[in-house]
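Chains A and B are the protein sequences, given in the same order. Quick note: the first sequence uses my numbering, first residue 38, plus one each step. Quick note: the second sequence uses my numbering, first residue 38, plus one each step.
These are calculated hints, taken from the structure and not from any lab test. Just to be clear, a hint being listed does not mean it is correct.
It does not matter which identical chain is used: a pair holds within one copy or between any two.
Said to hold, decoys possible - The list that follows gives simulated cross-link-like pairs (lysine to aspartate or glutamate, EDC-like), each with its CA atoms no further than 16 Å apart:
#	residue 1	residue 2
1	216	141
2	77	251
3	261	139
4	280	53
5	255	141
Protein chains: 2
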Amino acid sequence: MHTITTKPWKLTQAVEHYAESGVRGVSVWQDSAQELGPLKSGDLIRENNLEVVSYVRGGFFPHSSKAKRDKAIHDNKKMIDEAAELGAPMLVLVCGAEPNLDLEESRKQIQGGIEDIVHYAAENKVQLTIEPLHPMYADTRSAINTLRQANVMAEAIASEWVGVAVDVYHLWWDPDLEKEIYRCQEHGNFSAFHICDWNVPTTDLLLDRGLMGEGCIKLDQIKKWVIKSGFEGFHEVEIFSEKFWKQDQKKFMDKIVKSYSDYWRS
Amino acid sequence: MHTITTKPWKLTQAVEHYAESGVRGVSVWQDSAQELGPLKSGDLIRENNLEVVSYVRGGFFPHSSKAKRDKAIHDNKKMIDEAAELGAPMLVLVCGAEPNLDLEESRKQIQGGIEDIVHYAAENKVQLTIEPLHPMYADTRSAINTLRQANVMAEAIASEWVGVAVDVYHLWWDPDLEKEIYRCQEHGNFSAFHICDWNVPTTDLLLDRGLMGEGCIKLDQIKKWVIKSGFEGFHEVEIFSEKFWKQDQKKFMDKIVKSYSDYWRS
């Protein structure tokens with residue numbers, strides 16, 4: 038089971054190539070749903086025998102001003118509407134961080150923001166999925182930087198409409214990763230699992246992810262932990278890469294399919 | 038009390054500017070001690086009324102092959118010799134990471150490496166100072182990425198000749214930072230404290246550090262924790278920056294002095 042996103046393709050191009058490459062599901066970024074709108078995008082994906090895995094990405098709750106925090110709540114509700122139209126079971130949250138605030142305050146505002154919209158998410162049957170991001174994104178993207186933090190927050194909110202996304206790129210370095218994967222699943226919060234690799238060397242903080250097997254992440258080890266935890270969802274390939282996005286996307290797709298099958302064989 | 042390193046200067050140039058700028062101490066990188074050799078470098082520093090704070094940097098213990106691990110032990114002993122000649126009370130360890138090994142194995146090899154040389158360090162009266170590095174360096178530079186990991190290791194080795202260096206650049210994002218700073222000091226392991234800032238945005242993984250106040254690190258908060266812990270050592274300025282290294286180094290020095298006094302006023 039897997040899903041991928043190759044950014045340069047429009048959704049109408051992508052679904053065709055995805056289906057013929059054996060892809061089973063797709064997570065949809067907001068910008069790629071704009072071509073047809075979320076409702077028709079969802080239909081198109083399902084017509085091509087693909088599953089809508091998630092809608093990406095809500096969050097960005099912390100702000101210095103109340104007006105901006107209110108706007109974030111408004112924007113997240115709109116994304117919940119769109120996720121529901123798309124037929125996505127979850128909205129992935131990049132929780133946000135505000136460089137002017139201290140991290141504890143950003144974290145409080147994140148939890149407050151999720152609590153403010155969780156009833157709305159429940160009404161729309163869209164789960165809010167907290168994705169902890171690598172500590173190198175703690176300045177502006179997320180003040181939630183470990184799986185433990187995401188687990189603690191999901192357990193505190195304690196709603197079936199809040200879950201956690203585990204991305205190897207963000208979390209591979211964490212000495213608590215194995216333990217927190219089991220904890221995440223035991224509490225019913227393990228909703229999504231993203232794979233790629235950490236290039237050695239990494240030349241860009243955002244857009245230099247590797248294909249599985251190209252980098253130094255011990256993917257076979259993490260895969261074992263995820264399977265042992267009982268998680269049965271998609272192993273989603275998510276590769277942000279200027280290098281690969283510049284190449285022929287069909288060939289990139291072939292590389293993804295190959296590295297994905299190698300990932301399962303190892 | 039503070040120390041700095043501005044890389045483009047040779048030591049003979051640097052000491053002159055340091056002294057006139059009110060700098061009190063200097064941490065010496067191995068390459069900058071090559072000009073005069075460690076013995077004469079130490080004398081020159083002291084003649085200019087500067088203190089030798091530390092020698093930088095040992096470590097890099099983990100390797101796939103035993104031959105390379107043995108070489109690392111050999112190289113670290115040589116650096117202990119040089120630190121002793123220089124008159125440095127500590128050798129800062131960038132512990133290392135080997136992308137082919139899993140992180141747990143790298144960590145075992147780090148602890149084993151330190152244990153192999155700690156008696157030699159004690160004989161030479163040079164402390165081995167474990168510096169946890171940001172998780173973005175877990176591929177090749179260090180498998181020790183949080184202060185908790187460094188504390189656990191220092192406590193396990195339990196020698197007065199092993200300590201810990203706290204660098205805000207590596208650790209500012211960590212939700213356990215305050216707690217682990219106090220723990221570090223309570224166990225007698227808090228040996229060094231490095232300051233700079235995290236630029237927003239950061240454009241390079243290694244060489245884009247900011248002057249204190251330029252970035253998003255809540256330095257006043259961390260400074261308070263460090264002082265509350267009872268740590269009384271230097272607050273060392275350590276700014277790796279292609280941008281600043283390209284500029285006139287005297288002007289860079291002036292900027293450091295200004296941001297350092299602003300740091301103490303805040």
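Structure-based check of each hint:
no.	hint	result
1	216 <-> 141	between (24 Å within a copy, 14 Å between copies)
2	77 <-> 251	neither (36 Å within a copy, 46 Å between copies)
3	261 <-> 139	between (36 Å within a copy, 14 Å between copies)
4	280 <-> 53	neither (23 Å within a copy, 46 Å between copies)
5	255 <-> 141	between (31 Å within a copy, 11 Å between copies)
Going down the numbered hints, you'll see the structure goes against 2 and 4, while the others check out.
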